[in-house]
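As a plain string of letters, each chain reads:
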Amino acid sequence: MKAILGLFSWESGQVVIQGQPVTMTSHRVLDEVGALIEYPGLYPFLTGYQHLELFANDGPQKQARIQQIIETLKIDSYINQKAKNYSLGMKQKLGIALALLNDPQLVILDEPMNGLDPQATKDLRDLIISQAKKGTTFLISSHILSELEKIVDEVVVLDQGKIIKQAKMADLSIAGQKFILLKTDDNVKAAEALQAAGYQLEVIKDQLKIEQSESNELAKLIKLLSAQQINLVDVAHQQNDLETSLLNILGKHEQDSQVKE
Amino acid sequence: MITLVKQEIYKLLHKKSTLILTVIQLIIMIGTAILIKSKSNLFDPTSAILDGFGGLMWSLFVLIAAAASIIAMEFQHGTIKELLYRRYYRGQILISKWLTIFLYSLYYYVMTFVVALLLKIALFNSAFKFTAIYANNMSYLKIMFLGFLGSFLTLWLLLSLVFLLANIFKSNGAAITVGIVGYFATNLISGVMFLLMNKWEWLKWNPFNMMNLSTQLLEPTAKTMTLLSTQQMVIGNLVYLVIFLALGYFVFQRRNV
Numbered sequence: 001m002k003a004i005l006g007l008f009s010w011e012s013g014q015v016v017i018q019g020q021p022v023t024m025t026s027h028r029v030l031d032e033v034g035a036l037i038e039y040p041g042l043y044p045f046l047t048g049y050q051h052l053e054l055f056a057n058d059g060p061q062k063q064a065r066i067q068q069i070i071e072t073l074k075i076d077s078y079i080n081q082k083a084k085n086y087s088l089g090m091k092q093k094l095g096i097a098l099a100l101l102n103d104p105q106l107v108i109l110d111e112p113m114n115g116l117d118p119q120a121t122k123d124l125r126d127l128i129i130s131q132a133k134k135g136t137t138f139l140i141s142s143h144i145l146s147e148l149e150k151i152v153d154e155v156v157v158l159d160q161g162k163i164i165k166q167a168k169m170a171d172l173s174i175a176g177q178k179f180i181l182l183k184t185d186d187n188v189k190a191a192e193a194l195q196a197a198g199y200q201l202e203v204i205k206d207q208l209k210i211e212q213s214e215s216n217e218l219a220k221l222i223k224l225l226s227a228q229q230i231n232l233v234d235v236a237h238q239q240n241d242l243e244t245s246l247l248n249i250l251g252k253h254e255q256d257s258q259v260k261e
Numbered sequence: 001m002i003t004l005v006k007q008e009i010y011k012l013l014h015k016k017s018t019l020i021l022t023v024i025q026l027i028i029m030i031g032t033a034i035l036i037k038s039k040s041n042l043f044d045p046t047s048a049i050l051d052g053f054g055g056l057m058w059s060l061f062v063l064i065a066a067a068a069s070i071i072a073m074e075f076q077h078g079t080i081k082e083l084l085y086r087r088y089y090r091g092q093i094l095i096s097k098w099l100t101i102f103l104y105s106l107y108y109y110v111m112t113f114v115v116a117l118l119l120k121i122a123l124f125n126s127a128f129k130f131t132a133i134y135a136n137n138m139s140y141l142k143i144m145f146l147g148f149l150g151s152f153l154t155l156w157l158l159l160s161l162v163f164l165l166a167n168i169f170k171s172n173g174a175a176i177t178v179g180i181v182g183y184f185a186t187n188l189i190s191g192v193m194f195l196l197m198n199k200w201e202w203l204k205w206n207p208f209n210m211m212n213l214s215t216q217l218l219e220p221t222a223k224t225m226t227l228l229s230t231q232q233m234v235i236g237n238l239v240y241l242v243i244f245l246a247l248g249y250f251v252f253q254r255r256n257v
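In order, the protein sequence lines correspond to chains A and B.
The numbers in this note's numbering rise by one with no breaks, and the one at position 200 of the first sequence is 200.
The numbers in this note's numbering rise by one with no breaks, and the one at position 113 of the second sequence is 113.
Where hints are given, some of them may not hold.
List of simulated lysine-lysine pairs, DSS-like, C-alpha gap at most 30 Å [what the hints assert, rightly or not]:
hint, chain 1, residue 1, chain 2, residue 2
1, B, 81, A, 82
2, B, 15, A, 91
3, A, 2, B, 199
4, A, 91, B, 170
5, A, 183, A, 223
Calculated from the structure, these hints are not laboratory results.
Source: prediction; values computed, not measured.
The following block holds chain A by itself, in its conformation from the complex:
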């Protein structure tokens, strides 16, 4: 991320945004980019409003854009206080406001949920989704996969600085299997019956875990069980989430690299 923003030197390859190269010393195209890297850098002696005024591009819409971003991020209650009195969450929100201030086409956010309370996290999520619908591209890094899962369309997995997987979210989910968890009044009998019918199953505590390969799988299962006079007590679905998929990918990658060695 720092390399994309021209903050860090790199050994090989090049960074190109909209067909224009980015180097450490020259990067005109970053005009279209907003960012929040690591922690928000703020001047303790300036108020939030003064920060926005300082970094807002000049133009007739300047004041309107500042007001707009203050409203969107709901930071008006403390915008006129000096930044040295801000809490972590307040700083984070102002940092995000600064990243979005000049209506960039690409926004780079590094761990944007840091220090935000649950309400603010949800607000930010909604904001990112609505901005993305308007055509802004977001590049977000995060270790909080459950949050990431709710907003991203495409995932790039890095391990030790190398890209090991780049895929659409939808493709990853398909790669992650779906399961049906059954609880019956006689699990032993049910397991026998299902195995006899050719199902692969796994017994986890008092549940039977069966892979769902067709959409009408459940109907078939119910028919089969009721034919055997077995009553269903509970049915649950389980889908591999981003975390499980990622751990699988990382695990595979590690195995592969060990094999190569």
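Given chain A, work out where chain B should sit, using these hints.
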């Protein structure tokens, strides 16, 4: 570039210390003037007036601190990232800071000059006439102006070094210390330095010798000690200025943040 300089000035003006330091500057100058006036049997007002009633010395400290912090504060607050990942060339960011401090130093020198003139007229009007000849066939006003000019040039030699150090160490403490020590060291070591220069003449080109420019502007005979003509000293100051600024630029361009 104008936008960047405006932004730097905006930050400078919104620091509380900026206003306070100017007020202290005025208090020092007025206080010194009143003290000298009240003890006129002990002090000769002439040299105090020509030194801006202590204002020049204070300006030097303020400007060294300002030059160090305009660079170091960005690293300290982490704001250097926000400054750099914009459409501007990296070099422009640094140059805008140089220009801001240049304007700030002009402000201090002009203010000190004008206030010193006003205090002279208000309190010591009878001491001498500005147009009268002071020494070396130069009027008081010309001597005062040359003193300020020489001080300004040597100040910038120090500031270019401070910019470089603030860039390398990313902290204003080290840069300020070296700047101020550098200023005093010139007076302390000049005796030894002149001795060594008599032995090895090429030593006359060392930067500490360049710091004697103000003295030599006022007292042309000083060149028997500095071994340089006034013109050579002016050029020497500018050459060191360019070298230090260029080194700072070089470091800044390659820094990973």
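Right, here's what the structure says about each hint:
no.	hint	verdict
1	81/B to 82/A	holds, 20 Å
2	15/B to 91/A	holds, 19 Å
3	2/A to 199/B	violated, 53 Å
4	91/A to 170/B	holds, 23 Å
5	183/A to 223/A	holds, 15 Å
In this structure, only the earlier hint numbered 3 is contradicted, and the remaining ones agree with it.
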